[in-house]
Amino acid sequence: MSYFLQQLINGLQLGFVYALIALGYTMVYGIVKLINFAHGDVFMVGAYLGFFAMANWALPFPVAILVAMVGCAVLGMVIERLAYKPLRNAPRISALITAMGVSLFIENFTNLNFVFGPAPRAFPRPFAVRTFNLGGVSITNITVIVFGVSILLMVALTWFVNSTKTGRAMRAVSMDKDTSRLMGIDVDRIITITFGIGSALAGAGGVLFGFAYPQIQPLMGIMPGLKAFVAAVLGGIGIIPGAMLGAVIMGVVETFTSAYVSSTLRDAVAFGVLIIVLLVRPTGILGRPGREKV
Amino acid sequence: MTGTRRRLSPGWLALIVTVLAYAALQTLMSTKVINPYWQQVAGLAGIMAVSALGLNLVYGYTGQFSLGHAAFYGIGAYASALVTRSLGPSIWTLLLGIAAGAVIAGLVAFLIGLPILRLRSDYLAIATLGFGIIMKVLFDNSDAVIPMMGGSAGMTGIARLTNFAWVFVFALGATVVLRNLVFSSVGRALVSVREDELAAEAVGINTTKYKTLGFTLGCMYAGVAGALYAHLYAYLNPFNFDFLKSIDVLLVVVLGGLGSISGTLVAAVAWTFLLEGLRVALPASIQDWRMVIYPLVMVVFMIFRPGGLFSGTEFGFLKPRSARRRT
Amino acid sequence: MSLLDIRGLTMKFGGLVAVKDFTVSIDAHELVGLIGPNGAGKTTVFNLVTGMHAPVAGTIEFQGRRIQGMRPWRVYALGIARTFQNIRLFGMLSVLDNVRVADHHRGEAGLVHSILRSPKFRHEEKRTTDRALELLSILGLDQRRDELARNLPYGEQRRLEIARALVSDPKLLLLDEPAAGMNPSEVGQLMELILSIKERFNLTVFLIEHQMKVVMGVCERVVVMEFGEIICTGKPEQVQCDPKVVEAYLGVQAEESQQ
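Chains as they are written, first to last, in our numbering: chain A, 1 to 294; chain B, 1 to 327; chain C, 1 to 259.
Everything labelled a hint here was simulated from the structure, so no lab data went into it.
In this text the structure is predicted, and so the values were computed from the model without any measurement.
All C-beta atoms in this analysis are idealised placements derived from N, C-alpha and C, irrespective of residue type, glycine included.
A portion of the hints provided could be inaccurate.
With a straight-line Cα cutoff of 30 Å, these simulated DSS-like cross-link-like pairs (lysine-lysine) come out [what the hints assert, rightly or not]:
#1 A/165 to A/85
#2 C/244 to C/20
#3 C/171 to C/198
#4 B/209 to C/126
#5 C/171 to B/319
#6 B/245 to A/85
#7 A/165 to A/177
#8 B/209 to C/20
#9 C/120 to C/20
#10 C/120 to B/209
#11 C/244 to B/209
#12 C/198 to B/319
#13 A/33 to B/319
#14 B/209 to A/33
A short list of chain B residues far from chain C (calculated; beta carbon distances all over 12 Å) [to be verified]:
#15 16
#16 18
#17 40
#18 114
#19 119
#20 144
#21 152
#22 168
#23 183
#24 201
#25 203
#26 210
#27 235
#28 270
#29 306
#30 320
Here are the computed distance ranges between Cβ atoms for each label pair [to be verified]:
#31 A/115 to B/148: 38 to 48 Å
#32 C/15 to A/168: 20 to 30 Å
#33 C/16 to A/148: 44 to 54 Å
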């Protein structure tokens, strides 16, 4: 039983990191219907920014997270302006291929020796790992920080989207771009802001990931990126609580597969769950079934 | 027609040009003017063409967005390699292996397609992506069931049974078959599914059947390409059948232009030679930049020519007489 | 015996009852109009008849055969063709191919014959092409055969959709607002066209229309719907005077002010 609870905690920790990435995917998809493949690489850049902030500039951990968030927000907005904006009216597949191109570019560029270099680096830990024992389940202070920061950011995002003027504009644009424009919303600005916020969350996710699984390298964003996207689809793409739910499910399923079946099969099981959920609920767990109007 | 001299149709002309081009290439290869390295590259270009023609059938013509093409390529590769390794290397086992690669890839596509082809656009893409990742994991762990497949260490001991000539013949055959299929009543049914599924149903097209047909046939193409690859490279590693490989093929199809055979052929050759060309052209000190330059080419190309090289058009010789426009 | 016999047809979307206890019988060679305010459930009736939706209750019999819940392509193969309110052509296919694809279900030369270009394939291809060209010329589109469907002007797209619906020799043709977006002279031509194809192909026609000129000009009988239910049936001139119909269209106050 305590082993089970222990794995559940581990799964939730992974799930929360996925959630921070998945939120960016789902927000961007909700607003421009683009699978932003480069998002996983923004997450990786966030991890590196956190690394430099702490290891090279000796900044404290909370400041490192802020540095990563701001840096990634800028990166996300630059990518949107340079690569995606020119394709706003092009076929969707062109934008998708471009997203893949941007993703490969970031991976291979940061892989160059004078940038980050291909060698993995150990993520610094500013304080010693402490373990608390709660009825047979051990929880580290790292886990507590990952939980705390993720929940704080998710609450902040929910508040922002639901209660601010910009958040309302974001929701409006995701429902109907043309009407929003007629209502006086600067759609381009909202899209850029959405990329910025999504990327900032991924940046925070990158730092937490490095913090919890202390090794980073330029290709580290590929798999978590894909899984976070899958999590967003699982929960119902475009729906913010759906991304959180889907990410937690992904994290828990993956951890349990590693713990009880085999760690080499964990990706297969995670994606198997996705396919089954899609077959039962083609628009995801919280997604509304869409009906085509004749 | 009687009394007037029949002009050579573009189809026959193309055939003659193809045969001459092939003879020239083969001569250059046997006299080592084109060295074995470039012969291998030419072979890979042809294999890419076969695989990409298949994906074009799935996505470009039938409109079913697949991000798992490499999985079927891998299935074909492993299936054929198992056949030739088990039965001993010969032309006949190779042919049997290629057939097995096509049939098994097609069968898997059919079985997986029945449920997942109900999903639309991006959801289908994600489901096929998931399937691709699952297959990669299975290839990685294959040695647990069939030791010969080698798992993540890769499969060795495959005889090098194919060469440029084999690839060329299969690529030619794949092109002709696809052309005949696309310009037929079946082809129109496939395209109608892509254009408007609901309207297609309303004019008597069993969309489930044609989606499954297009997907299965396209994946059989991938199976054939995989089988050719296995016996050209003589070594298989699951790494070569991962998600990025699916993206590679998708890229060729989109760069060439969706729904264009000509575009796919040109893009498959151009893309393979661009990647290898950069390897030769760039000085050793900036070799790493090759991987930075090619995604940039991708992005710039998409921004300036989002419809691909040939958006929905064909070289004249790839259209049957009945489909050519009257002037 | 009636060609199409609909009894007690009911359809719900979530909690909304779109069609309720709809009963209509159409004889062979009749031309029946289906009218009613927006949202009355007219198109839903068409969608139920053509198999796009499966009804919650009720039966649809076509030539004595139950067809409710059948897949649309099967319904089409039995002889019911339709057009759409918001034109649904295959935009990237040529005009000719748009028509030919609708004849596909009658072809017997499948995949293998197509790939081998067998004599059977060539024969069928010629037959379907000739048939499609005949329809294009009847609808005045033969000059446009190689144009992409999406490049046609609106009026020609409407006609192409009718050509596509006719290629398979249907017995029953469902026209969903064929005159929508047309100017008065085009509407006049359309009315003539409907009457002429009805005679020429020995069709039964069921049509939804908002333009009263069309309804009064061509329909032999009119069914009026409101809130998913039939409120009145009869000859065009009878229906026109029915107080319930006037109320449905103009509201209660208008009726009161008339009195």
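Evaluation of the provided hints:
1. Pair hint residue 165 of chain A plus residue 85 of chain A holds up; C-alpha atoms about 23 Å apart against a cutoff of 30 Å.
2. At most 30 Å may separate the alpha-carbon atoms for a hinted pair to count; residue 244 of chain C and residue 20 of chain C meet this at roughly 17 Å.
3. Between residue 171 of chain C and residue 198 of chain C, the direct Cα distance comes to roughly 10 Å. Compliance with the 30 Å bound is thereby established for this hinted pair.
4. Distance hint between residue 209 of chain B and residue 126 of chain C is fulfilled; the C-alpha atoms sit about 24 Å from each other, no more than 30 Å.
5. With a C-alpha separation of about 36 Å, the suggested pair residue 171 of chain C and residue 319 of chain B falls outside the 30 Å cut-off, and the hint is violated.
6. Proposed proximity of residue 245 of chain B and residue 85 of chain A is supported: the alpha carbons are some 27 Å apart, at most 30 Å.
7. In summary, the hint linking residue 165 of chain A to residue 177 of chain A is supported, as the alpha carbons are separated by about 16 Å, within the 30 Å threshold.
8. Annotation: proposed proximity of residue 209 of chain B to residue 20 of chain C is violated, straight-line Cα distance about 33 Å (limit 30 Å).
9. This hinted pair does not check out: residue 120 of chain C and residue 20 of chain C have alpha carbons roughly 48 Å apart, beyond 30 Å.
10. The suggested pairing of residue 120 of chain C with residue 209 of chain B holds, with an alpha-carbon distance near 22 Å, which does not exceed 30 Å.
11. Among the hinted pairs, residue 244 of chain C with residue 209 of chain B is inconsistent with the structure: their alpha-carbon atoms are about 47 Å apart, more than 30 Å.
12. The suggested pairing of residue 198 of chain C with residue 319 of chain B is violated, with an alpha-carbon distance near 37 Å, which exceeds 30 Å.
13. Among the hinted pairs, residue 33 of chain A with residue 319 of chain B is inconsistent with the structure: their alpha-carbon atoms are about 35 Å apart, more than 30 Å.
14. The straight-line distance between the Cα atoms of residue 209 of chain B and residue 33 of chain A is roughly 28 Å, inside the 30 Å bound, and the hint therefore holds.
15. Against chain C, the non-interface label of residue 16 of chain B holds: every CB pair exceeds 12 Å, the least being about 19 Å.
16. At roughly 18 Å from the closest C-beta of chain C, the C-beta of residue 18 of chain B stays outside 12 Å, upholding its exclusion from the interface.
17. Non-interface status of residue 40 of chain B relative to chain C is upheld: no Cβ of that chain comes within 12 Å, the nearest being about 30 Å off.
18. The non-interface label for residue 114 of chain B is consistent with chain C: the shortest C-beta to C-beta separation is roughly 16 Å, beyond 12 Å.
19. The claim that residue 119 of chain B is not at the interface with chain C holds, since no C-beta of that chain comes within 12 Å of its own (minimum 18 Å).
20. With a minimum CB-CB distance of about 38 Å to chain C, residue 144 of chain B clears the 12 Å threshold, and the non-interface call stands.
21. The claim that residue 152 of chain B lies off the interface holds: its Cβ sits roughly 38 Å from the closest Cβ of chain C, which is beyond the 12 Å cut-off.
22. Non-interface call for residue 168 of chain B relative to chain C: holds, since the shortest CB-CB distance, roughly 20 Å, exceeds 12 Å.
23. Non-interface status of residue 183 of chain B relative to chain C is broken: a Cβ of that chain comes within 12 Å, the nearest being about 9 Å off.
24. With a closest Cβ-Cβ approach of about 4 Å to chain C, residue 201 of chain B is found to fall inside the 12 Å limit, against its non-interface label.
25. A Cβ of chain C approaches the Cβ of residue 203 of chain B within 12 Å, the least distance being about 4 Å, so the stated non-interface status is violated.
26. Non-interface status of residue 210 of chain B relative to chain C is broken: a Cβ of that chain comes within 12 Å, the nearest being about 9 Å off.
27. The beta carbon of residue 235 of chain B sits about 33 Å from the closest Cβ of chain C, which is more than 12 Å, so the claim that it is off the interface holds.
28. Distance check for residue 270 of chain B against chain C: the nearest CB is about 24 Å away, which clears 12 Å, and the non-interface claim stands.
29. The non-interface label for residue 306 of chain B is consistent with chain C: the shortest C-beta to C-beta separation is roughly 15 Å, beyond 12 Å.
30. Residue placement check: residue 320 of chain B does not keep its beta carbon more than 12 Å from all beta carbons of chain C (closest about 8 Å).
31. The beta-carbon spacing between residue 115 of chain A and residue 148 of chain B, approximately 41 Å, falls within the hinted interval of 38 to 48 Å.
32. Taking the beta carbon of each, residue 15 of chain C and residue 168 of chain A are about 28 Å apart, inside 20 to 30 Å as hinted.
33. Distance hint check: the CB atoms of residue 16 of chain C and residue 148 of chain A are about 45 Å apart, consistent with the given range 44 to 54 Å.
Of the hints listed earlier, those the structure fails to meet are numbers 5, 8, 9, 11, 12, 13, 23, 24, 25, 26 and 30, in rising order.
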